[in-house]
Amino acid sequence: MINQPEVIATVAALHEEYETALVSNDVEKLIGFFWDSEHALRFGVAESLYGAKEIDEFRKNRPPVDLRREVFNPTIVSFGDDTAIVTIEFRRSVQGAPRHGRQSQVWRRFDVGWKIVSAHVSLVPPSYMDSASVLVGMPIPPEFREGVRVNLERMSFIARPLLDFPIDDSVEAAPVFVP
Amino acid sequence: MMLTESPIATVIGQAEAIRKRDASAVEITTAALARIENGSDRFNCFTAIQRESALASAAEIDRRLAAGEDPGPLCGVPFASKNLFDLEGIPTLAGSKINAARPPAARDATLVTRLKNAGAISLGALNMDEYAYGFTTENTHYGPTRNPHDPRRVAGGSSGGSAAAVAAGLVPLSLGSDTNGSIRVPAAFCGVFGLKPTYGRLSRAGAYLFCESFDHLGPFARTVKDLALAYDVMQGPDALDPVCTARPAEFCLPQLDRGIDGLRIAIAGGYFERMGTPEVFAAVASAASALAVTRKISLPDIEAARAAAYVITACEGSQLHFADLKTRPQDFDPVVVERFLAGTLTPAAWYLHAQKFRTIFREKIRKVFDEVDVIIAPATPCPAITIGQPTIQLDGVELPSRPNIGVYTQPLSFIGLPIVAAPVFQPGTVPTGIQIIAAPYNEAAALRVAHYLEAAGVSVSHAPERGAS
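So the sequence lines, in the order shown, correspond to chains A and B.
So the number in my numbering is just where the residue sits in the first sequence, counting from 1, plus 32.
So the number in my numbering is just where the residue sits in the second sequence, counting from 1, plus 113.
One chain only, chain A, in its complex shape:
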């Protein structure tokens, strides 16, 4: 039987607790949420952690920066009274750049309670606009984002005949500075 209301409510509350522990980097609590087993698994954005030991090590050494995130589109699907899958999307800032991410967790109820047995976090690759705006140190106000995106697209379209034009290595840009 899927999505029993009491199962969903329990897992939702636990997930909320997990989220709070995550953004406040409450390492002990975070370790406690994961299944204490060599079969536990966590694929982070950059790290592939196999077994509770590797997960614990990662938690203890993680620098507590850029942890705050805004969660949206949360979903929970439960199977029977002992298994659930929780997914979220989130926005967080990574070194000043706005990023869009996704996370899935498989939860399982044991005698000691609900634990995360497998998790995967990823970041959607940033657009050229977002990467370049960070590189040049110029944030784009939200109200201009769409217009800037359209203008970059237009420039890219207009530039095509230029970029298709072959230029020999021997050609120099026309100098205008006459010393």
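Just to be clear, a hint being listed does not mean it is correct.
Said to hold, decoys possible - Computed far set for chain A versus chain B, every beta-carbon distance over 12 Å:
no.: 1; residue: Leu54
no.: 2; residue: Ile63
no.: 3; residue: Gly76
no.: 4; residue: Val138
no.: 5; residue: Arg140
no.: 6; residue: Trp146
no.: 7; residue: His152
no.: 8; residue: Arg192
Said to hold, decoys possible - Computed beta-carbon distance windows for the label pairs:
no.: 9; chain 1: A; residue 1: Tyr160; chain 2: B; residue 2: Thr504; range: 58 to 66 Å
no.: 10; chain 1: B; residue 1: Leu465; chain 2: A; residue 2: Tyr82; range: 17 to 25 Å
no.: 11; chain 1: B; residue 1: Arg371; chain 2: A; residue 2: Leu167; range: 51 to 59 Å
no.: 12; chain 1: A; residue 1: Leu167; chain 2: B; residue 2: Gly383; range: 33 to 41 Å
no.: 13; chain 1: B; residue 1: Leu465; chain 2: A; residue 2: Phe111; range: 52 to 60 Å
Stated by the list, open to error - Here are a few chain A residues that face chain B, going by a calculated C-beta distance under 10 Å:
no.: 14; residue: Val144
no.: 15; residue: Ile172
no.: 16; residue: Gly179
no.: 17; residue: Glu204
In case anyone wonders, no lab produced these hints; they're calculated from the structure.
The beta carbon of each residue, even a glycine, is placed where N, CA and C say it ideally should be.
Position chain B against the provided structure of chain A, taking the given hints into account.
Just chain B, lined up with the frame of chain A:
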């Protein structure tokens, strides 16, 4: 006195009248200021008026004439400048709100000084697109400049105030700038003559630049003689502008009467025969017919030239404002800021590819000028669009108007060719114009062709009809 009242006074006519003491410089200046201040500027051309200094300069001209001195060929003639020219005592806005906080300019731009030294009277500053990044002069901070031939339409841009002030008869002479078409587009839309000289021919010192690789300054007038005279007095080297040529001046006014004898003239084919509306091709056809030209010439790689100009403009233009774009993007004109923000993200590979292509394109066009002296092309793809019109229909495709009004002008300023924008239209209709394009430093050839067309009645800067204005 007719001369002080007539809105169709010419530069040469007014200078002559003042020199002959038929009218005083003070009378002419007072009348011009009255026209601007008493509601005749309903097209929103002026953003600043130099009443006191203009009247003082006019009185000085009258004093010198009374003392038997020659104040110069522009003796007492009023003029005005796009508000990116430094005018002593006024902050140089360049169409922006941000620059309004700058201190007043300490001295005039070089070209303003040269016009004044020739006896002209500076009346003030004229409206433009913010930081010259536009072809319509729909400025959100200072309001749109309206087309004197039909106030529902734009004046063109970015030197819209300069073209409209001359078309409306507020001044017989104005100064503007042209990076991708900003003199030629408003000249065509407002039915006046404009000259974009060879890149580096006229000093840019004291002008607030937009894109240093292709910024040009030049005059607007209602007759070719006036245009040539203004150009002639502004020529000459200037140590203050690193781009300004050291070549000696070549005066054009004395050459106008040579006509078109010996000039090899062709019509631009290919690219310049596509994308336009019937009116603009009709203008080219009537010029061709008056010049008895049937030869057609295809300019190579125009699409790539237009693309390269677009990329370089986006990149250089936005770099100039980088500090403000980082810290106060909300203070820019909303119709401009997104293009500037996008411009800061232009890949360096594109920019350098575009700059190298400029070398190649210059060589190819130089070869074209081995075969012809003057090329005729349309100035804009359509007559003036209406204010607020977001798109134009070209060859059945709906395109955003602001970046596409310059399709015919942009590839040519890219390599700095001298071009006269000449009006071709019937009185009482919405103007259109043509480009008369010559080889580098051959402004005289383009002006001779313009003068010939003017004398033939094909290219005439008709005054707006009363109903329109």
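Status of the hints after comparison with the structure:
| no. | hint | in the structure |
| --- | --- | --- |
| 1 | Leu54 | 32 Å, holds |
| 2 | Ile63 | 42 Å, holds |
| 3 | Gly76 | 30 Å, holds |
| 4 | Val138 | 40 Å, holds |
| 5 | Arg140 | 46 Å, holds |
| 6 | Trp146 | 46 Å, holds |
| 7 | His152 | 32 Å, holds |
| 8 | Arg192 | 7 Å, violated |
| 9 | A:Tyr160 <-> B:Thr504: 58 to 66 Å | 26 Å, violated |
| 10 | B:Leu465 <-> A:Tyr82: 17 to 25 Å | 47 Å, violated |
| 11 | B:Arg371 <-> A:Leu167: 51 to 59 Å | 56 Å, holds |
| 12 | A:Leu167 <-> B:Gly383: 33 to 41 Å | 40 Å, holds |
| 13 | B:Leu465 <-> A:Phe111: 52 to 60 Å | 58 Å, holds |
| 14 | Val144 | 52 Å, violated |
| 15 | Ile172 | 6 Å, holds |
| 16 | Gly179 | 3 Å, holds |
| 17 | Glu204 | 6 Å, holds |
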